[in-house]
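Trainee: Just need the whole structure built from these sequences, with the hints factored in.
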Amino acid sequence: MHLIQQLLFIICAGIAVAFFSRNAIKIRRNINLGREEDLNDNKSARWKNMLLLALGQKKMFKRPVPAFLHLAVYAGFIIINIEILEIFLDGISGRHRLFAPFIGSLYPFLIGFFEILAALVLVSCVIFLIRRNLLRLHRLNMKELNGWPKSDANLILITEIILMTLFLTMNTADLVLQSRHIEHYTTTTPFWITSHFTSLLSHMSDGALMGLERTCWWLHIIGIFAFLNYLPYSKHLHIILAFPNAYYARLEPQGKLENMPAIQNEVLYMMKPEMAPPPAEGEQAHQRFGAKDITDLSWKNLLDAYSCTECGRCTTVCPANVTGKKLSPRKIMMDTRDRMEEVGHNIDKNKTFVDDGKSLVNDYITVEELRACTSCQACVEACPVSIDPLDIIVELRRYLVMEESNAPQEWNLMFGNIENNMAPWKFSPDDRDSWVNEMSNS
Amino acid sequence: MSVTIKSMAEYAAGGETPEVLFWVGCAGSFDRRAQRITKAFAQILDKVGVKFAILGKEEMCTGDPARRAGNEFLFQMMAYNNIQTLNGYNVKKIVTACPHCFNILRNEYPALGGNYEVIHHTMFLQQLLNDGRIRIKEGGAFKGKKITYHDSCYLGRGNGIYEAPRAVLETLDVELVEMKRCKTNGMCCGAGGAQMFKEEEPGTTRINFDRAAEAVGTGANIIAANCPFCTTMLTDGVKNQEKEDDIKVMDIAEMVALSLAE
Ligand code: SF4
Ligand code: SF4
Chain B
8 MHLIQQLLFI
18 ICAGIAVAFF
28 SRNAIKIRRN
38 INLGREEDLN
48 DNKSARWKNM
58 LLLALGQKKM
68 FKRPVPAFLH
78 LAVYAGFIII
88 NIEILEIFLD
98 GISGRHRLFA
108 PFIGSLYPFL
118 IGFFEILAAL
128 VLVSCVIFLI
138 RRNLLRLHRL
148 NMKELNGWPK
158 SDANLILITE
168 IILMTLFLTM
178 NTADLVLQSR
188 HIEHYTTTTP
198 FWITSHFTSL
208 LSHMSDGALM
218 GLERTCWWLH
228 IIGIFAFLNY
238 LPYSKHLHII
248 LAFPNAYYAR
258 LEPQGKLENM
268 PAIQNEVLYM
278 MKPEMAPPPA
288 EGEQAHQRFG
298 AKDITDLSWK
308 NLLDAYSCTE
318 CGRCTTVCPA
328 NVTGKKLSPR
338 KIMMDTRDRM
348 EEVGHNIDKN
358 KTFVDDGKSL
368 VNDYITVEEL
378 RACTSCQACV
388 EACPVSIDPL
398 DIIVELRRYL
408 VMEESNAPQE
418 WNLMFGNIEN
428 NMAPWKFSPD
438 DRDSWVNEMS
448 NS
Chain R
125 MSVTIKSMAE
135 YAAGGETPEV
145 LFWVGCAGSF
155 DRRAQRITKA
165 FAQILDKVGV
175 KFAILGKEEM
185 CTGDPARRAG
195 NEFLFQMMAY
205 NNIQTLNGYN
215 VKKIVTACPH
225 CFNILRNEYP
235 ALGGNYEVIH
245 HTMFLQQLLN
255 DGRIRIKEGG
265 AFKGKKITYH
275 DSCYLGRGNG
285 IYEAPRAVLE
295 TLDVELVEMK
305 RCKTNGMCCG
315 AGGAQMFKEE
325 EPGTTRINFD
335 RAAEAVGTGA
345 NIIAANCPFC
355 TTMLTDGVKN
365 QEKEDDIKVM
375 DIAEMVALSL
385 AE
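Note that the protein sequences, when read in sequence, are chains B and R.
Quick note, the numbering used here runs 7 ahead of the 1-based positions in the first sequence.
Quick note, the numbering used here runs 124 ahead of the 1-based positions in the second sequence.
Please keep in mind that the hints were generated in silico from the structure rather than gathered at the bench.
As the structure is a prediction and not an experimental result, all values here were calculated from the model.
Check before you lean on any hint, since a few could be wrong.
[To be verified] Take a look, some chain R residues computed to stay more than 10 Å from chain B by CB distance:
hint, residue
1, Lys261
2, Gly264
3, Arg330
4, Asp334
[As the list claims (entries may be wrong)] Simulated crosslink set (DSBU-like; lysine-lysine; CA at most 35 Å straight-line):
hint, chain 1, residue 1, chain 2, residue 2
5, R, Lys216, B, Lys150
6, R, Lys270, R, Lys171
7, R, Lys171, B, Lys69
Every residue gets a Cβ at the ideal spot worked out from N, C-alpha and C, and that includes glycine.
Mentor: Structure below.
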């Protein structure tokens, strides 16, 4: 009996890990579809960001209530993983509570601690569900979340609740079995939470209890494996990617836009033709200015898209969005991810990308959305997982203006004024210092 | 009061070097409302004896609105020309009353070979106050007045400068009331990202109306700003609230200029 369980477990674990690895490799490949960008400077500042922003969740604490609930779920998730390790080793070795004899009196203390966390996770997830579905918080019920994103969020919360319930039920049954000195059930001192619930199960027979304990154990660990494999399809991927994303976050002032050296050089050669390199043999492939599709974005933009939690903190502070414009920085990130997945599937199917006549601009993100951005960086500041939606917006705008000459008439006038009058308005450059004369005459 | 302002070319002709270059910016040069801010700041510098120069007719748009609209070519052209001029005069230190010019000169010109110490006028005012070069008169025009301060995006979030302008306001003995959305959470006036130069996209309201309503809601008599574009946007927003007779939008430099000790 034990042997069969052991074998079954090893097969399950093997499938789960293999499947997850396959998806992880695909995600990595998709991220690498982006342009290169060197983000390896200043390692100490990067580690600090990772500790503060990802591990410490610093930005979450701008909103204390969700921050606390999220912390409970997150701490529960990380710490309960230690227990998963034991469950995993138990599964492989066919033993039960493998760690108990080694750490002695510390063991029930640890499990008790896990139980408290599990209870906290359970309560927090229930509150999260209520906030989403009954209180209907605006930021969690906006149009762009209709369909899969909403189900995704609810599904994960419900799964967490089920997993925690299984874990606690398993421990309760275990305690009753321990008190009956059933062989295999290592005796420990009572666990902090489940010890209060043993009376609920004490009427059950030994066999039924063992069945319950085993069923919970199996469902729990299968649930964990399923959860792991669900991540790549879900916004919950952020529990992994928030860490690299914080590490690779840009370290420069938020106001700074990335330079475009290709254009810098073109302008330089135009001004100083003697510096221009001799024309290369044959036609040089034209490098696209700005971004039309995900392959024109930097790999960091794409990592951002996979890391997005769809929390909408960015959108609630976006001045364009709060005044009713179509622009939503969250949607920019969701669209980028959706398009990246689409390109990924295309590559899976055809071995290499076959033009599908679509692009991130227009098919996913409309010109109207892009135009509404004031480059205020509120979205960048608000994001708890170090995402920069503005950078994508600017790249797409660059494409529109420089490759498609797609700008509103007023902007074309402004460009013309800057070029001819050296100011965005139609004033004579000779009047630039007329205020000086007014001052000396007053 | 007559003030004589010299250009970089005039300094160079006299073989002299000014302490700092005052980068006026397009709004500060041409816009009637923003010119008043320029004059106020120049007047302060003159009064406290800071040796400053302007570029005058040699100054050009930094290229900020072009770059943020997506026109990198035009930006690079403007930047190239400005850097030629600035480096030609061997400029070391620049002060500007526009946070957009401040941000682009400070953060984006270095990659193109333009390396200067760039400060915003509110930072410079704070330094001059700290050094005792600016003295504020006792019981000035703003003493006890309820003032709210609007963080511009490019001074605040863009460059993390929240305290210098507030410190300057404090020296005026004002009662500072913060809006709910302030500092890192500050709400945009709606002008940045080249929005100043086009109509807003369809929506439920305008960004400057939303922001001005929040500012008016604090009950302040004056909305203090640090940017010529914010000043324009918020002034329009206050008009929309029909409060233009009770509430003034002023740049911090204008407030300091009115409070200088004799
Ligand atoms: S930078 Fe653009 S997208 Fe981001 S909050 Fe500001 S207006 Fe919205
Ligand atoms: S970009 Fe950041 S703030 Fe916006 S929804 Fe995604 S995770 Fe949340």
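Trainee: Holds or violated: R/Lys171 and B/Lys69, Cα atoms, limit 35 Å.
Mentor: violated, 43 Å
Trainee: Please verify that the nearest CB of chain B lies beyond 10 Å from R/Asp334's CB.
Mentor: violated, 5 Å
Trainee: R/Lys270 and R/Lys171 were given as a pair; does the straight-line alpha-carbon distance stay at or below 35 Å?
Mentor: It holds: about 27 Å lies between the C-alpha atoms, which stays within 35 Å.
Trainee: Assess, step by step, whether the Cα of R/Lys216 is no farther than 35 Å from the Cα of B/Lys150, and give holds or violated.
Mentor: Measuring from Cα to Cα gives roughly 51 Å; hence the hint is violated.
Trainee: Once the closest CB in chain B is found, is it more than 10 Å from R/Lys261?
Mentor: holds, 21 Å
Trainee: Find the nearest Cβ of chain B to the Cβ of R/Gly264 and say whether that gap is larger than 10 Å.
Mentor: holds, 22 Å
Trainee: At 10 Å, judged by beta carbons, does R/Arg330 keep clear of chain B as stated?
Mentor: Violated, because the least Cβ-Cβ distance between R/Arg330 and chain B comes to about 6 Å, which does not exceed 10 Å.
Violated hints, listed in ascending order, are 3, 4, 5, 7; each of the other numbered hints is respected by the structure.
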